[in-house]
Every structure is written in structure tokens, then in C-alpha cells.
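S.K.: Model the full structure from these sequences, guided by the hints.
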Amino acid sequence: MTWRLLLLLLVLGAPAQAATSPGEMLRDPALEARARTIGKELRCLVCQNQSIDDSDAELARDLRRLVRERLVAGDSDAEVLGFVTERYGDFVLLKPPIRPVTWLLWFGPAALLLLGILLIAAYHRGRRREAPAPAELDPAERARLERLIAGDRGA
Amino acid sequence: MIEATHAPVRRRPLLFILPVLLFALVGAFLAIGLTRDPSTLPSALVGKEAPPFALPPLEGRDSHGFARADLGGEPMLVNVFASWCVPCRVEHPVINRLAGQGVVVHGINYKDRPEDAKAWLAELGDPFRRVGADRDGRVGIEWGVYGVPETFVLDRDGKIAHRHVGPLQPRDVEEKILPLLEKLK
Numbered sequence: 491m492t493w494r495l496l497l498l499l500l501v502l503g504a505p506a507q508a509a510t511s512p513g514e515m516l517r518d519p520a521l522e523a524r525a526r527t528i529g530k531e532l533r534c535l536v537c538q539n540q541s542i543d544d545s546d547a548e549l550a551r552d553l554r555r556l557v558r559e560r561l562v563a564g565d566s567d568a569e570v571l572g573f574v575t576e577r578y579g580d581f582v583l584l585k586p587p588i589r590p591v592t593w594l595l596w597f598g599p600a601a602l603l604l605l606g607i608l609l610i611a612a613y614h615r616g617r618r619r620e621a622p623a624p625a626e627l628d629p630a631e632r633a634r635l636e637r638l639i640a641g642d643r644g645a
Numbered sequence: 062m063i064e065a066t067h068a069p070v071r072r073r074p075l076l077f078i079l080p081v082l083l084f085a086l087v088g089a090f091l092a093i094g095l096t097r098d099p100s101t102l103p104s105a106l107v108g109k110e111a112p113p114f115a116l117p118p119l120e121g122r123d124s125h126g127f128a129r130a131d132l133g134g135e136p137m138l139v140n141v142f143a144s145w146c147v148p149c150r151v152e153h154p155v156i157n158r159l160a161g162q163g164v165v166v167h168g169i170n171y172k173d174r175p176e177d178a179k180a181w182l183a184e185l186g187d188p189f190r191r192v193g194a195d196r197d198g199r200v201g202i203e204w205g206v207y208g209v210p211e212t213f214v215l216d217r218d219g220k221i222a223h224r225h226v227g228p229l230q231p232r233d234v235e236e237k238i239l240p241l242l243e244k245l246k
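Protein chains in written order, with our numbering: chain A, 491 to 645; chain B, 62 to 246.
For the record, the hints were derived by calculation from the structure and aren't laboratory data. Worth double-checking, as some hints may not be accurate.
[To be verified] Lysine to any residue pairs mimicking SDA-like chemistry, simulated, CA-CA at most 25 Å apart: (1) A:Lys585 with A:Arg524; (2) B:Lys109 with A:Phe581; (3) A:Lys530 with A:Leu584; (4) A:Lys530 with B:Glu203.
In this text, all values refer to a predicted model and were calculated from it rather than measured experimentally.
M.R.: Below is the structure:
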């Protein structure tokens, strides 16, 4: 039973684990928290789809250390991110900044959705307009219809 | 009611062209996006001045070290290498040949032990004019290095004109590096 509990705790705890080792952490918990937030926003360039906070790669560790150095030196969060972006480019940011070149990326999906909705709306409106109203029955048809209904009831 | 389905449908060319246009657009994006090599990242430093740095010498090689002040004057290469890096070994003869042709090449020895680096250069040849030892990789970060080997082409003013990630192949040298160096002269 104990090992099951342990396994459960391990699985539940897994997302909370970061690659940051205790030795790297800053004494000041507030500063360390900021370092962690920044670390989550920076891409590990070796593994590319992990943040430096999650990655065990050496470069990620170096960058984590760098982030902490800058914070201790008194940089703001934005200044730290700027420092890294200056050297590694926007690609190092896991969340790309909103700029004219990234407008398509940020607003493209919403624009496509809107376009889809507009097209569907236009299509339905067009169909309703195109379908002609059913012609009125002439007296002969009406008489036949009456007969059929009466026959139905009679059966 | 049956006639209704036979009613002539008004043609709206836009409705037919639009999907085709969308397909072409998505196709174009994918054609560009999927054929790019995701491991070579755009460099933030191309077109900019080389970062300021001053590296200590590789122990036992010489006593110069390698610093920002060594850059400029003529077009040159800066090669980031390490003895533990296998592709560097593959690349090294190419660098040797370039140096043999009179191209100035400086080296940044990235996160290496001096004795390993020295043995490596003794075995494979030492094409570098200056070598700096970047033991903790801090200067590598200044250069935006994320993997070794990397090679930078600098112009006469010490500006970064080109960056090559990964081992230089003879073809890269023929097609890119040499023409670029010629142009920068």
C-alpha cells in the first residue's frame, strides 16, 4: 500500500518539479519566485520546446544562473528578458511578443474563425433567399388533397 | 415542392475561389515552414557589433587570451569549439584549411578543460590566431551561442556579418564563407 501511495504522490508531484536544483536557488524567496517566472518564459535553445526552468540541458542551467545574477544585480523582469532576447532573439521567448510580424500568429486563428462564421452566415442567408416559396395549390390540387386526406381517415 | 430543388442556383464565384485561395495560402506557409531547419535559429546578432568580452588565454597555449579588441581590421572568423564536441572534430580540417588559405580565425574554447583543449589542438592542428578559454560559457551567452560548433564571420569593423550553426562543411565554405569574406574585404 505504501508504495502505491508513493507512486501516486510521485505522479501528482511530477508537474511541480522543475529542473532548478536547490543549489541554484536564491536565498530571497521573492527574488527566486521572479526568477522562476522568468525561467518559465524563456525557451531552452537546445531542447526548444522546454522552458529553461524545466530543462536539464547545460545551457538552460547557465541561463537560469544568468537570470538570477541579473535579478540580484537589480534588473527588472523586463530588463532580464531584454538581456536574453538581445543575445538570442525573440525565439528565446516562449510567448512571442505582439508585433506587426507576429500579428498573423496572434490574430490569424481568430480572423479565420470570424471568416468561417461570416461565410456560413452568408451561405445560409443566400439559401433562404434562393428557395422560392412553395406555389399555392390550385383548386384541382386542393380537391385532390382533400380526397386523399379523407381516404386516409377512412382507411 | 419538387421544383424547388431544380430552381437555378445563382453562381457565386467567391464561394468557390475562397477555399482554393485559403488552401494555397496554407500550402505556401507550410511549404516555407516545414522545409526550414528548426535547429538553426535566426541570430539576433547578425548585423550588430560583436559583444564586448575578454577571455583569458588557453592555459599552456600562449598568454594572449582573446578579447573584443582583437576583432576588426580585416574580415575574420570566430570559431566556437570544444574538445568534447564531436561535430567540432569533423569540422576542424575545414577550419585548418581556411587558416592555411590565409583567413584569420580566432577560437573560443567553450566549456572545456584546458588540458583537453590543448591535447585536441595538438592532435588536430591549431589554426587559431587567438584562443580564449570560456570555461563557464558566459561569453558564449554574450555571443548567443546555443551549441557548438558555431562560426561567426566578422567584417573589418568587428560587426557580425554571418553566423553558421553546426559544423562547417566544405560546401558551406565554398558557397558562403569564402564569397562573403571576399565581399567584406
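S.K.: The structure should be examined with respect to each hint, and the outcome stated for every one.
M.R.: Verification of the supplied hints:
no.	hint	result
1	A:Lys585 with A:Arg524	17 Å, holds
2	B:Lys109 with A:Phe581	17 Å, holds
3	A:Lys530 with A:Leu584	8 Å, holds
4	A:Lys530 with B:Glu203	21 Å, holds
Of the numbered hints stated above, none is contradicted by the structure.
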